[in-house]
Amino acid sequence: MGGSLVRFGTEEQKRRYLPLLASGEWLSSACLTEPQGGSDLASIETMAVRDGASYILSGEKVFISHANHASLYFVLATVDRSLKHKGVCAFLVERDSPGITMRPLAMHTLRRGDTAQVFFDEVRVPA
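All residue numbers for the sequence shown refer to the numbering used here, where the first residue is 1 and numbers rise by one.
Because the hints were derived from the structure by calculation, they are not lab data.
By construction, the Cβ of each residue, glycine as well, lies at the ideal position given by its N, Cα and C atoms.
Errors might be hidden in some of the hints.
Unchecked claim - Calculated lysine to aspartate or glutamate pairs in the DMTMM-like style (CA-CA distance at most 20 angstroms, straight line): (1) Lys86 x Asp121; (2) Lys14 x Asp80; (3) Lys84 x Asp40; (4) Lys84 x Glu45; (5) Lys14 x Asp121; (6) Lys84 x Glu60.
Stated by the list, open to error - Distance ranges between label pairs, derived from CB positions: (7) Ser43 x Ser65: 28 to 38 angstroms; (8) His69 x Ser4: 16 to 26 angstroms; (9) His85 x Thr10: 17 to 27 angstroms; (10) Pro19 x Asp80: 28 to 38 angstroms; (11) Arg103 x Gly24: 25 to 35 angstroms.
Using the sequences and the hints, build the whole thing.
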């Protein structure tokens, strides 16, 4: 996620998150996959609604690796479903933001992973 943050992040996001991620103090996790459409960008149902200087995120993501250990989520959400994949935007969301809950998923692999379902219930993030 560091490369995307360097290229597309605001100066404030870079100052806040890059040192924490680069030092290893914080881990990040990509919240992309959804129960209904997998990772098909045109099918994303997690919504982001503009509210003044913020967006309100609502939806769920599934099979999110390292969700329990990450301090920062890279979340894809749609601002306009009618635009399909062109309406999808990326948001940086701190794990301890009000409205985020997780449900660990039992994965049947050789090693137990840190995989979870992540729910966003009207989570406010800066625009």
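Evaluated hints:
1. Between Lys86 and Asp121, the direct Cα distance comes to roughly 23 angstroms. Violation of the 20 angstroms bound is thereby established for this hinted pair.
2. At most 20 angstroms may separate the alpha-carbon atoms for a hinted pair to count; Lys14 and Asp80 exceed this at roughly 27 angstroms.
3. The hinted pair formed by Lys84 and Asp40 meets the criterion: a straight-line CA distance of about 10 angstroms does not exceed 20 angstroms.
4. For a cut-off of 20 angstroms, the pair hint linking Lys84 to Glu45 stands: about 10 angstroms separates their Cα positions.
5. Note on Lys14 and Asp121: the hinted pairing is violated, with a Cα-Cα distance of about 26 angstroms set against a maximum of 20 angstroms.
6. Restraint check for Lys84 and Glu60: the C-alpha separation of about 17 angstroms stays at or below 20 angstroms, so the hint holds.
7. Checked against the given bound of 28 to 38 angstroms, the beta carbons of Ser43 and Ser65, roughly 20 angstroms apart, lie outside it.
8. The hint said 16 to 26 angstroms for the Cβ distance between His69 and Ser4, and at roughly 20 angstroms that hint holds.
9. Judged by the Cβ atoms, the range 17 to 27 angstroms given for His85 and Thr10 holds: they are separated by roughly 23 angstroms.
10. The hinted range of 28 to 38 angstroms is satisfied by Pro19 and Asp80, whose Cβ atoms lie roughly 34 angstroms apart.
11. At roughly 26 angstroms, the beta-carbon separation of Arg103 and Gly24 lies within the given 25 to 35 angstroms, and the hint holds.
Hints 1, 2, 5, 7, counting from the list given before, are not met by this structure.
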